[in-house]
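Enquirer: Could you build the full structure based on these sequences and the hints that come with them?
Just so you know, the protein sequences line up as chains A and B, in that order. Its first residue numbered -8, the first sequence is counted upward by one per residue in the numbering used here. Its first residue numbered 5, the second sequence is counted upward by one per residue in the numbering used here.
Calculated from the structure, these hints are not laboratory results. Warning: the hint list may mix true and false statements.
To be verified - If we take Cβ atoms under 7 Å as the criterion, some of the chain A residues that face chain B in the derived model are:
1. N77
2. N80
3. K82
4. A83
5. S136
6. R147
What the hints assert, rightly or not - In silico DSS-like links for lysine-lysine, alpha-carbon gap of 30 Å or less:
7. A:K74 <-> B:K12
8. B:K46 <-> A:K195
9. B:K31 <-> A:K3
10. B:K171 <-> A:K117
Cβ atoms here follow ideal geometry from the backbone N, Cα and C, with glycine treated the same way.
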Amino acid sequence: MTSNYEEKQARKLERYNQLAEKAVLESNRLDKINRSIGDCMNGTPILVGHHSEGRHRRELERMQNRARKVFELRDKAEHYENKADNIVNPKAISSDDPEAIQKLNAEIAELEKQRHELKNNYVINKKAEWFEEGSEHYRKLELESVTRKIRDKKKRIEQLRALNKIPSEDKTLNGITLSIDKTDNRVKLFFPSIPSEETRSKLKSSGFHWSPTNQAWQRMISNYAIYEAEQILNEVKA
Amino acid sequence: MSQQQETKTHLFGEMDLNLDVGYQAVKDQAFHIAEACGYFIKYSTNLIELYSNDYDIVKITFENDKVTKVLRSEDNGSNYEELEIKEKMFKVSPKTLLAYNSKIKYGNEKSLPMCQGMAINKLVKEYSIPAISYGYHFNLIGIETHKQFLMWRDLGYGLEFLGIINKDGSTPK
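Expert: Below is the structure:
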């Protein structure tokens, strides 16, 4: 049985792949049009004063716009491909993942092994430059980095455990609802209508994004996110 | 340890970034991680600010698409420490540069070996270096200006810039 998180990731992956494919197809179509028109025009100069001048200039402008669009669409395709790749090969363990704590513990065990190797079995190469692998300085930096990673991962486990204890809650003030949704792992703000430009920029600068699916401004649950949401709620009320 | 792990810099939490790939790629990496962990990112033309769920803040400054400064705070921005990034951008340490420099014999001889001579000539002309003398030691090439020594390594197919050292032995800021 697949969990809610896996279903969500699969849906996201499908959507990103579709969007990337759509952008590639559209960019190829526009590129093809540009190439065929380019072949027809074949470097013909603009005949100044001739009845075709205006049409010629407009066509060149359209070609330029299409070419620009082709590059924009390719960038867009790359953007979605990267997003899809990030789902297949995640760069970090998601807080949405129900197995996040187990995964983090496995990473900690791996890092502990690395730390042990660096402490006890690291071979110093006296010929290595100070910044190269094998130097004492490099070992020191690696050791510091691994220790820090272990500390941070332990801290994250604590945070995740603390977040698990936060109860789901709904609070309404002046028609705006603050919802702590444990199922989605999000803090959501529901506005009765489109918030003002000022509120929207405040929401964005506090890390909230508009979710068209949930019709809410939302952010991943954290103590700070809840605090920010409450601040916005009070400010809008005032 | 894989090459990918080696090039990543640990900033906080899960935020391990490869900082050698330019502004846009660093931003993309940061966004992917932030999306997974709920971190918050602010960015402007040459600055990326990363906020953890806790009190960690990291500010990455770019110049010409290269990281020039990484500041990290663990107390919500009260105190910042600079990460050791700038030193990593130099190919060799100032100490090694000084050692190399002591081996190079500087002068104004016009009859230099072809490779070194061509390189020095090209460097001085192309970059308008106000050279007062120049020299070489095997594949090391040095140019002396009024205040500094500039050094390169001849790779046979091009030059690798090693660094700049002030005449008083310090590194330029």
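Enquirer: All the hints need checking, so say for each whether the structure fits it.
Expert: These are the hints, each one checked on the structure:
A cut of 7 Å between beta carbons decides the hint on N77 of chain A: the least distance to chain B is about 4 Å, and the hint holds. For N80 of chain A, the suggested interface contact is broken, since its CB lies about 10 Å from the closest CB of chain B, more than 7 Å. With its C-beta approaching chain B no nearer than about 5 Å, K82 of chain A sits inside the 7 Å limit, and its interface hint holds. Look at A83 of chain A: its Cβ gets to within about 4 Å of chain B, closer than 7 Å, so that hint holds up.
With a cut of 7 Å, the hint placing S136 of chain A at the interface with chain B holds, because the nearest CB-to-CB distance is about 5 Å. Because the smallest distance between the Cβ of R147 of chain A and any Cβ of chain B comes to about 6 Å, under 7 Å, the interface hint for this residue holds. Restraint check for K74 of chain A and K12 of chain B: the C-alpha separation of about 20 Å stays at or below 30 Å, so the hint holds. For the suggested pair K46 of chain B and K195 of chain A, the alpha carbons sit about 10 Å apart, so the restraint of at most 30 Å is met.
Taking the CA atoms of K31 of chain B and K3 of chain A, the gap is about 21 Å. The hint holds against a cut of 30 Å. Note on K171 of chain B and K117 of chain A: the hinted pairing holds, with a Cα-Cα distance of about 28 Å set against a maximum of 30 Å.
When the structure is compared with the earlier hints, a violation turns up for hint 2 alone.
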